[in-house]
Every structure is written in C-alpha cells, then in structure tokens.
Amino acid sequence: NKLPFLVHCVLTMNKNVNIVDRPLTKGAKNEVSLSAFSYLFSEIVQYSQSRINSVPDWERRLSDLGYSIGARILELYSLREKNLKRETKLISLLSFIHSTVWKLLFGKQADSLEKITEEEDEYMIGDQSILVNKFISVPKDFGALNCAAFVAGIVEGIVDGAEFPARVTAHFTPADGSQRTTILIKFKPEVIERDKRLTS
Amino acid sequence: ERKKYLSILKRRGMTTPYTFIIVGKNDNPIYEAEFSLGQKRDSNLQSIQTTPSSSSSYQTQGHSLNQFILHSALDVVEESVWKSNSMYLKVVDRYGKSFISSFVSSGHMKFMLLHDKKDEDAIKNFFADVFELYVKILLNPFYVLNSPISSSAFDIRVRKLAVKYF
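Chains as they are written, first to last, in this note's numbering: chain C, 5 to 204; chain F, 123 to 288.
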C-alpha cells in the first residue's frame, strides 16, 4: 500500500525541475489552509522564543523573518498585479500595501490607512483581527509581545525595497472592546523630504 | 581611444553588440552577460553565438569598457527613476553611437543594456522577461538578496532570451 507512493517519490526526485523553469503565474491562485499556516507560524514563534532573552528581541526576530519575505513580495506582486509599474510616491506605496498586499496575503484589504497628524513621518495600517494572531494568545508575563511583528517585518521589507526606508512596528490598540492591531510605519526624514519635493 | 578599441574589435569580428548587467542596491553588479551575435563569423561556426563573460583578452578589454560605460550611466538612471513610475525607462544615456537602456524593478534592481540598435519593443520585452526570471530566482529562500546570481539555468535562459529578441 505504501509502495506505489514511494515509487512515485523516487521517480519524481529524478525530475530536477529548476526554479527558473516553473511557471510563475500559476501560483497566483494558490491558497494555503489557515490551519497549516497557523501551525507553522506557532512553531516559528516558539522556535524564536528559545533563542532570545527579551521580548523586544523576540519581536525583532519575527520582524527579520518577515523582512526577507517583504522584499520578495514587492517584486512578485509588482510582476503579477501592477503590470510593470513602480511606486514613486509615498501615498501610492502605502495604498499598494494597504490594499493589494493585504488582499494577496490575507484575503482582504486592511481595515484602515491613517496618517498621524502630529508627526509628518508616521502612518498606520490598522487591522481589526490580523490573521497571523488568530490562534495566538499572549500570557501576561510576555508583556507587550505582538506576533504581528512578523507582518511588520513584511511591510518593512516592502518599503525598504522600494527605497522608502522606515522603522515598522506592530502594536495593540484597544478599540471597541477587542484588541486591534496597528502597524506603525515611521519613515526616515530623507524619504519625507524627497516625497515633498516630488509631489509639489 | 574608445573608437580605436571598437574598431579593433570590429576587425577581429568580435564586436559585442549587447552588454547586459543587473545592478543591485549598492551599485554592485549581480549579473553580467555579453551577447555577440556573430553575423560576421563564418558559416562553420554556429550562426548565433553568445559568448560567456570570460574569453580572449581583446574581448575582456572591450568587456570592461562596456561595463564601465554602463556603470557611468547609473547616475542618470538614479535620477530618472523618480520621474517615471514605469519600470521600463527607455534610453537613458548615450555613448558614442551606442545607447544605454534601463529597466528598474519595484525593488530598485537596475537592469541595464548597452546596445547599438534602437529597437524599443524588443528591448522592453527582453527586460520584462528577464525580470520574470529574476523574480523566480528571488523566490528561492536561500538566495541572499542583492547577491550575485550564480545559477547557470538563469544564465542559459537569459542568453536564450537574447537570441530570441536580438
């Protein structure tokens, strides 16, 4: 009963399909089951836990993992969705992240995109119930750990890659009883200056 | 002196009509290739030949000059990048009779081509196809971003594209 499966494995191992020969757009419709992802993500979080000494370090690790994903997402989604266009303005990059990236990653657009009025370099993307935290409950002794630091890392990879360097962090904000997750994006001053110049 | 180099190369039938490089975020080349389509060669050889980047010494001389030309155009590319939101930037600079075309991806990877013939459509499609190959390389989680692309499969594919479009 297991033999045909093993034979199949051995036969397909010899077919060394190189990554450049595989079609790219077929994967656009691929969806991964939430439980598979959540299981993998929980293992990632626990794996990181054994290698850190403090909560900020923990968030940093998750963020770094997201970073390399973000850099790739930027190029891949531009190829698939935007038909060879590149973002040159801050607000269009942010709306690209808020709509296209969120939709492709989580199945729906982010709930809100806001600018903090007091600071000219801070923007927030809000999500009522961010997918990665769906099955995560943080005990009190872990303080302010937010595993959405992983998503913050993805966003950081995207903005860095597009030459809009920023510090991106994930925070919990209380809203209507439940905890809302906010991704805070603080751009470097030269980005704001350049954007002012280009949009004036 | 540059004209002399080019004429020496032409006499030896070794002009390199197309030089293609991919430049990373720190102005570091991560991929380079030269496509010399040997119409001047005799019929015994393959009618279309693309030479790998390490060859005879004359080709190496021309080779480093071409790279120098392309790198000197990087400043112009940096400026043009913020003026347009399409990836294909068309001809950004000239060198003698040659043109330098550029294509900059979302992640600001610069694809540059040094060419003598102006064929916008072919070049645009070439860039688009190479970009797709580049994204496939990117998807390998073990590929370090901004590092040289050493995949021979990528190299073979790029050369096939050059044959297809040029």
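Quick caveat, the hints were computed from the structure, so don't treat them as lab data.
Note that this is a predicted model, so its numbers are computed, not measured.
Do not rely on the hints blindly, as some may be mistaken.
Here are a few chain F residues that face chain C, going by a calculated C-beta distance under 8 Å [to be verified]:
#1 Ser202
#2 His230
#3 Ala250
#4 Val257
#5 Leu260
#6 Leu267
#7 Pro270
#8 Ser272
#9 Phe276
#10 Arg279
#11 Leu283
Where a beta carbon is used, it is the ideal one built from N, C-alpha and C, also for glycine.
| said: His230 of chain F was flagged as interface toward chain C. Is the shortest Cβ-Cβ separation under 8 Å? | reply: Holds - the Cβ of His230 of chain F comes within 8 Å of chain C, reaching about 5 Å at its closest.
| Satisfaction of the Val257 of chain F interface hint, Cβ to chain C closer than 8 Å | holds (5 Å)
| said: Does the closest beta carbon of chain C sit nearer than 8 Å to the beta carbon of Ala250 of chain F? | reply: Holds, because the Cβ-Cβ distance from Ala250 of chain F to chain C comes to roughly 6 Å (cut-off 8 Å).
| Hint check: 8 Å Cβ-Cβ cutoff, Pro270 of chain F to chain C | Cβ of Pro270 of chain F sits 16 Å from chain C, so the hint is violated.
| Interface hint for Arg279 of chain F, Cβ within 8 Å of any Cβ on chain C | OK, holds: Arg279 of chain F within 8 Å of chain C, min 5 Å.
| Was the hint right that Leu260 of chain F lines chain C, CB cutoff 8 Å? | holds (5 Å)
| Evaluation of the interface hint that places Ser202 of chain F against chain C, nearest CB under 8 Å | violated (11 Å)
| message | Tell me if the interface restraint on Leu283 of chain F is satisfied: Cβ within less than 8 Å of some Cβ in chain C. | response | Violated, about 11 Å.
| said: Does the closest beta carbon of chain C sit nearer than 8 Å to the beta carbon of Leu267 of chain F? | reply: holds (5 Å)
| query | Are Ser272 of chain F and chain C close enough, Cβ to Cβ, to be under 8 Å, as the hint says? | reply | violated (13 Å)
| request: Closer than 8 Å between Cβ atoms is the bar; does Phe276 of chain F clear it against chain C? Give me holds or violated. | output: For Phe276 of chain F, the interface hint holds, since the closest Cβ of chain C sits about 6 Å away, which is under 8 Å.
The structure fails to meet hints 1, 7, 8 and 11 from the earlier list, while all remaining hints are met.
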